[in-house]
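Undergrad: Residue numbers (my numbering), protein chains in the order written: chain A, 1 to 120; chain B, 1 to 389; chain C, 1 to 442.
Hints in this document: simulated from the structure, not taken from any laboratory.
Treat each hint with caution, since some may be false.
Below, a list of computed lysine to aspartate or glutamate pairs in the EDC-like style, where the Cα atoms sit at most 16 Å apart [said to hold, decoys possible]:
1) C:183 <-> A:76
2) C:362 <-> A:103
3) C:119 <-> C:31
4) B:290 <-> C:56
Computed spacing ranges between beta-carbons, pair by pair [as the list claims (entries may be wrong)]:
5) A:35 <-> C:207: 49 to 59 Å
6) A:92 <-> C:59: 39 to 49 Å
7) A:57 <-> C:31: 21 to 31 Å
8) C:334 <-> A:65: 26 to 36 Å
Cβ coordinates follow ideal geometry from the N, Cα and C atoms, glycine included.
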Amino acid sequence: MRRSAVLSAPVLAALMVPVAALGVGTSDWIDGFRTDVERCWNPPEGSAVVIVTFGMNRDGTVIGDSLRSIPREMAETDSFTAARRAILRCGRDGYDLPPDQYEAWREIEMTFDPLVGGEQ
Amino acid sequence: MRLDTGQIISGVAHTGLIIFAIFGGAFKSEPLPFEITEVTAISEEEYAAMIAEPSPDAVANVDTPEPPEEGQAPELSSEADAAPEQDQPEVTETAEPDPVPEAVEPEPIPVPEAEIADAPQEPTPPQEDTAVLAPETSERPQPRPAPRVAPEAVEQPEPDVEIADVDQQAPEPAEQAEEPVPEQEETARQEATTEIVTEAEEVASAAPTRSVRPRTRPEQVTPAAQPDPDPEPRDEPAQQAEPEPAAEPETQEATSPDSSAVNDALAEALGSDPEPQGTPQGPPLTAGEKDGLRVAVQECWNVGSLSSDALATTVTVAVSMSEDGRPITNSIRMIGSEGGSNASAQQAFEAARRAIIRCGASGFNLPVEKYATWREIEMTFNPENMRIR
Amino acid sequence: MRVVLAFVAILAGLAAPVTAQEERSGPLRIEITEGVIEPLPFAVPTFVAETAQAQEMAVNITRVIASDLTGTGLFREIPQDAHIARVTAFSSPVQFPDWKAINAQALIVGGVSVDDSGKVVVRFRLYDVFAGQEMGQGLQFVGTVDGWRRIAHKVSDQVYSRLTGEDPYFDSRVVFVSETGPKDARQKRLAIMDYDGANVTYLTDSASIVLAPRFSPGGDRVLYTSYESGFPKIYVLDVATAGRNVLNAADGEMSFAPRFAPNGQTIVYSLTTGGNTDLYQLNIASGQTSRLTTTPSIETAPSFSPDGSRIVFESDRSGTPQLYVMPASGGEATRISFGQGRYGTPVWSPRGDLIAFTKQSKGRFHIGVMRTDGSEERLLTASFLDEGPTWAPNGRVIMFTRETQGAQGASSLWSVDITGRNLKQVRTETGASDPSWGPLQN
């Protein structure tokens, strides 16, 4: 069951511009990306929200070296380890992302938030 | 247990990042099923107990190394310092601090070529948000970091050339002057650039991340380009007790702003007057001459080691000059300061004083027949343009 | 015509004093607005050994002083083999022309004596060579053989502050994480060293992961984060004894990123509970805690202003990590970072005028500084990974962690002047990260 996050509206509006500029079908591959990573994500009980930042190669593979946690002190936690594992494992053969829009996805910031509750 | 591990992945993008803009319910608005442990306020007793006895677990694991050595705190005692005996200040006509260049036309200083930073050039995304400052145009030559920052850029000398304060070509026998000149190694001024370049700027060549200090006027009037070049080295006072009577005033005349017939006559008449105490007067210093003095002092005004306080302090320094163009060291005094504290004014003054003494050691290039006009000089040292932060 | 000329000449002669005075009535005024920035050349002849046992120490002390000054990037030592004059006694008259001849603008003369009981006495004088006079007063320091380095740093501190006007910083220590082993199996221990890398001592063993130690304002304690319980938790360690305690022992919670308040009695830190990370404050003596932020976003990396009135911290409430400033008691936070990229690990300068931070943008990491209102942002470094700045006690130099890329990548400590100049590595025997610069020692 999925829940979703909403970002505050003004921020979203500002950020929507470049996303909209990315062209048709943007949301498709974003959704696809999210789904791909989720498939490998198994957060342990009691996981906390953690943000993971990382860089991508042109072929859709992850630059393994570049994975970082925010906050950085969570780098050794199970929450981060699970997130990191998800990104790397499901990305072993590269994620399916449009090469012509590489500039848009060469740097990623993903928030992993284990929530419970019914689907929205 | 209905532990529905919903998951949310969202990403945030700037240019070059992506947002996963997925709308849904409120962000974590529903209560969580598992126990929320609140932040426990530790009671005083508990805490005292904690402090008093470290938990055995903690102690067991810690391999208590030797406590770090705490050297005995050095005591400070200032003795009433009897000034060490000093030889009476002697006239420094002996060894020159800086070797004097030969009397040949100094070569123009080469300007560094436009540098491209060696960072891999990545294709910049279409919307370049240089949030902080506007990017510079690419035509502007990129300054590289160098050990020395000076108004004029100096190219990196050959590696085997010694670094000295003055450019100096290895003398070629053919161009020797009449007097035999001691063998001097070829020296070159230390590589210098016109502004400070941080690593971050070096890398991000396209879009510098901070505003560059206003560049000094590249067409700085240098002593080499003086409108009235004085080929005779002036720092040989022994040979030039009095200025050449006829030659000098006429040379000065050429650039004097107000050359009237009367002044011509006056100058000529006075020039031929050998009286030493009749202080020769003439027209005031030309802009070129003033510039020459200013540039000469600037060359020695080193603000690199000054604190930001001192860099915010403007000091005015008075100095009396002797006729040979040298500052009288004991006469150098601070007569005013602006901005900063007393302490920072002191620092700024000391740097200014050093500048005057060092670059005046062999005499400034000032026309002796106008001595009256430059016998007393007040220099204001304003580091506004030199501030980095 | 000739008559006229003569007449004019005579008149001119008579008028000479008058017009001369008129012309001399005002001194020549010029304004100097441009200068040069270059290391100031200085000379420090080996300190005079005033007792037989002091020979080696005199050489060592002189070397440390020269390294301290040269290491700032603001000074350049004129090597001893270029010296013309020789200093054979502490009080012998200074041969200024000899020092001028080699362009030494500052001269340090000193003497060292060591007695049988191990007492060390060091005295020094500083001269402005071109002005031909002493700068400030001669001073004398008394210490022990074991503490000779501190004495040397004290001398350099005096010279440094007299010449630059800055506050001193050489007699200080840095606590950091010493790292050994391959990247995926790093062993980490807390260590402490002199600011220049000497005198390394280990404070913990490598049984568990430790992170981000932070010195107390008095230099007597260190806060750090450890994973030994399985979760990141905050510990306080006493530097003198290496004894330590955990601060927040609740299960299932994570606490990290602690910092002392300037009064040394309160700590601000991040606590993750219920999946959410916010800032909290703890009074060490009373154990009282209070919550400072209540946002659903991640709040971390807090740092106090030197007057204790405000806290700068990192928050992703805008959607991406940025820097915010709020009153120390919590309350409305003002955003101060606006550039393109992610900002984190803010640290307030001890001078109160700047905030240092880590910025990640376009795949690169930078250490930067900005004014406390966010203006005048300047990036000082750029590399694969730079992070975690810490300030020297005088607010002029920043130390940080630099990591190199790849499986063989290692962490090391680097320092840079706030002008961006003098970027260099602080040599450590092992890999090193997470430096925290302690206060000037008394």
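Undergrad: Next step is simple, just say for each hint if it's right about the structure.
TA: For each hint, the structure was consulted:
Between the alpha carbons of residue 183 of chain C and residue 76 of chain A the distance comes to roughly 13 Å, so the proposed pair stays at or under 16 Å and holds. About 10 Å separates the Cα atoms of residue 362 of chain C and residue 103 of chain A, which keeps this hinted pair within 16 Å; it holds. Of the supplied pair hints, the one linking residue 119 of chain C and residue 31 of chain C is violated, its CA atoms being roughly 52 Å apart against a limit of 16 Å. With a C-alpha separation of about 53 Å, the suggested pairing of residue 290 of chain B with residue 56 of chain C is violated against the 16 Å cut-off.
The hinted range of 49 to 59 Å is not satisfied by residue 35 of chain A and residue 207 of chain C, whose Cβ atoms lie roughly 41 Å apart. Separation of residue 92 of chain A from residue 59 of chain C is about 60 Å and departs from the stated range, judged on CB atoms against 39 to 49 Å. For residue 57 of chain A and residue 31 of chain C, the Cβ-Cβ distance of about 57 Å falls outside the hinted range of 21 to 31 Å, so the restraint is violated. For the hinted restraint 26 to 36 Å between residue 334 of chain C and residue 65 of chain A, the CB-CB distance of approximately 35 Å keeps it satisfied.
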